[in-house]
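Participant: Working from the sequences, and respecting the hints, build out all of it.
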Amino acid sequence: MTEQSLRAWVFPAVLLGLYEAYARRAAALGSEALAPPSAALKAMAGAAVDGSLWHATGFTLGTAALGLLLGAALGVGLGIALGLSRRAARLSLLSIEVLRPVPSVALIPLAMLMFGFGMRMELCIVAFATFWPMLVLVQSAVQQVEPRLLEVSRVLGLSARERAWKIVLPAIVPRLFVALRLGVAVALVVAVTVEIAANPNGMGYAMMIAQQSFEPALMLGWLGWIGVVGFVINAAMLRLQRAVARRMGQVQ
Amino acid sequence: MSGRSTHRSREWFGDWLGSAAVLAALIALWWAASSAGWVSRVFLPTPQATLASLAEGLNLSGRGNGELLAFTLATVSRMFEGWLLASLFGVLLGAAIGVSPVVRAWLQPTLEFIRPLPASALLPLAISVFGLNPAMVLCVVAFGAMWPVLLATVHGFAAVEPRLVEVARCLQMPRAAFVWTIGLPNAMPDILAGMRLSMTISLIVAVVGEMIASQSGLGQAILLAARAFRASELFAGIVLLGLIGFTSNALLALAEKKLLRWQRT
Amino acid sequence: MSDTSFLRFDGVTIRLGGREILSPTSFEVARGEFVCIVGPSGCGKTTLLRAASGLVAASAGGIWRNGRPVSEPSREVAFVFQDYGRALLPWRSVAGNVSLALEAAGIAAAERPPRIAEVLGKVGLTQHAHKFPLQLSGGMQQRAQIARCLAQKPELMMMDEPFGALDALTRQGLQDELARLVRDDGLTVLFVTHDLEEAIYLGDRVIALQADPGPGRPSLARMIDVRIERPRDQLATKEHPEFLHLRRELFAFIEQGHD
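Protein chains in written order, with the working numbering: chain A, 30 to 281; chain B, 59 to 323; chain C, 93 to 351.
Just so you know, these hints were derived from the structure itself, not from any lab. Beta carbons are placed, not taken as given, at the ideal position from N, Cα and C, and that holds for glycine. Do not take every clue at face value.
Stated by the list, open to error - Calculated cross-link-like contacts (lysine to aspartate or glutamate; reagent style DMTMM-like; alpha-carbon spacing at most 25 Å):
(1) Lys223/C with Glu224/B
(2) Lys315/B with Glu126/A
(3) Lys223/C with Glu314/B
Said to hold, decoys possible - To give an idea of the interface, some chain A residues facing chain B are shown, with a C-beta separation under 7 Å as derived from the structure:
(4) Thr31
(5) Leu35
(6) Ala37
(7) Leu120
(8) Leu142
(9) Ala265
(10) Arg268
Claimed, not checked - Listed next, the stretches of chain B that the computed footprint assigns to chain A, with coverage defined by at least 3 CB atoms under 8 Å from CB atoms of chain A:
(11) 72 to 80
(12) 153 to 165
(13) 173 to 185
(14) 260 to 270
(15) 279 to 287
(16) 303 to 313
Facilitator: This is the structure in structure tokens:
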């Protein structure tokens, strides 16, 4: 490990160490709210062994992925269409500005009403939440495609579908992956939020249950695990995005 | 010359009309879907029913119960107070960290770890520690919404144009003067963007907090409406939440435009 | 030994990345002189200027101003950067940018407006005092930077290829403006440029540096006095026999430097 990556751990290690000492004292005094990190690790190890860790994580990640797939597919599709046609973009502006500010969490009760609890409800909310940023970013990316390339497509007589597939899509790939990275982050956050608020499945719910059952170690463990999962996935997306940018000839 | 500008404003007006027409068409679609029963009215109330719930809840005609108004105010004040606290502490801490490359180097990785964490994930911990009360929700709102501002401020202070640093050295500016006259204005675009993101998070956490901590507000109202199958009240609440999101964002965008006038050539 | 010179370079050596960019260089600048420094890329002329203003430290040797060693930047020495866009505060107007120099010097708020107006008048930006840098042309932005430097009331002005990024016509106009300003205020100027004609046109003395110094090949290769009377004129001076002679001499020297 390089000196720099070692240094990254100093501050969190110190914080965790202090908290460990503090929480041990609190636990000894009978606190049901705080637990030392060591106890949290043990609790999570237990969850890993009995399978609940993988089950919940799999649910959250799977639902987030499916929701993102839906939201991104629609968002990218509409984004390309609106990006290519200034007329369509102008006409749809008001409708988008009216619908976009609705916070995705406001739709939780509606989704609950329509689908009950489970994957479908969470998936829909994730799709709604990821649709808007994908739409806006892809639309902007398409609008910034080199106009010269679009003129070339007209001169060559490409059909609309060919133009979208052969010129626009490759041109926007780097920015598409930037949008995708943001989409992944939003999908994860929204999925966990839905589970905390309502859906009795997944990591967020596991954390809520742990808190309600007065198991602070398990609750803290889930909090930490959610953080780790989010961090790892986001870091992986960042590397992917950079690799794509390099591959497509752009210097980020 | 004036001919061109009237043409442009006519075009702009035409855009607005067309845009409004599209929106009206969508509403008409909503009306049709609901009235004709393509989508069950349990899930999709008619636009009129939604409007009626809104009017009653906001006590527009004087005969309603005015509940929605109280809930709206509760949610808005929670969101706003939390956002204010978050921005204040975010800027102060962010400036303290961002100004010093040494502090940044030690803290940056930890900050990067906190960045992807959902703010609502802190609610269970806060409930354990503080119990189910309004102050707890406010704390989580403020703490959760602080990070976009903090991270943006750190970035804004870290990315000062090196030429300006040299100019400050040539003018023999003391450190405090440098932070105030160069560091802070330079970070302003980032800070304002962070504050906008922070407002979005404040609203989300306020709503989720109300839902799970049974605090009076729009979040709880729409949850209860759904449980009682009162779709028009549910939709009224959603409309109000959308309005809150829209208004707060628009106000911040306006403030940003005013403060960043110098960015436009 | 009494040091009567205004600015003295004593065996100044600059090493970057393990290579010696500037071999020990010594010369003196008298008060009120306009000294131009020319040379190809990599000869160290910009770094020499930055060392003289205290922005970087020389690897060996020293620089003395008024008999005292130069180690840190000082308000008495103004520095005009080539990338003017990045040296101006984009969020302040032209007047605001000029004000920065006065604020740094601790001038009371009430005293600033007249001084700002005076200096803006000198560079001809009075009409544009309330505009932001992004709203100005390149030439105007550079004038704004010069105005801010003048507001420092410096005794020495360092200029690093200040007109390099501008078009020819703007450059010529600014050259004459600068010459007039320097004459009116009696400034001492160290002016780095890659444009030989500009150096001869503006300078009382031209110092030519060469790149890749080595034994028998010092950095300071030529120092010539420009004995052309002032005020100078873009057309007449450039047809003056002395100008043509110096131009040929410098050109031949620079050509020699490019093997």
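Participant: Against this structure, judge whether each hint is valid.
Facilitator: Going down the list of hints, with the structure as the test:
1. Lys223/C with Glu224/B: holds (23 Å)
2. Lys315/B with Glu126/A: The hint holds at about 18 Å.
3. Lys223/C with Glu314/B: With Cα atoms ~19 Å apart, lysine 223/C and glutamate 314/B stay inside 25 Å; holds.
4. Thr31: violated (12 Å)
5. Leu35: violated (11 Å)
6. Ala37: holds (3 Å)
7. Leu120: Holds, about 5 Å.
8. Leu142: holds (5 Å)
9. Ala265: violated (11 Å)
10. Arg268: Violated, because the Cβ-Cβ distance from arginine 268/A to chain B comes to roughly 14 Å (cut-off 7 Å).
11. 72 to 80: holds (count 7)
12. 153 to 165: That given contact holds, which follows from 3 residues of the stretch 153 to 165 of chain B lying within Cβ reach (below 8 Å) of chain A.
13. 173 to 185: Holds, because 11 residues of the stretch 173 to 185 of chain B bring their Cβ atoms closer than 8 Å to Cβ atoms of chain A.
14. 260 to 270: holds (count 6)
15. 279 to 287: holds (count 6)
16. 303 to 313: holds (count 3)
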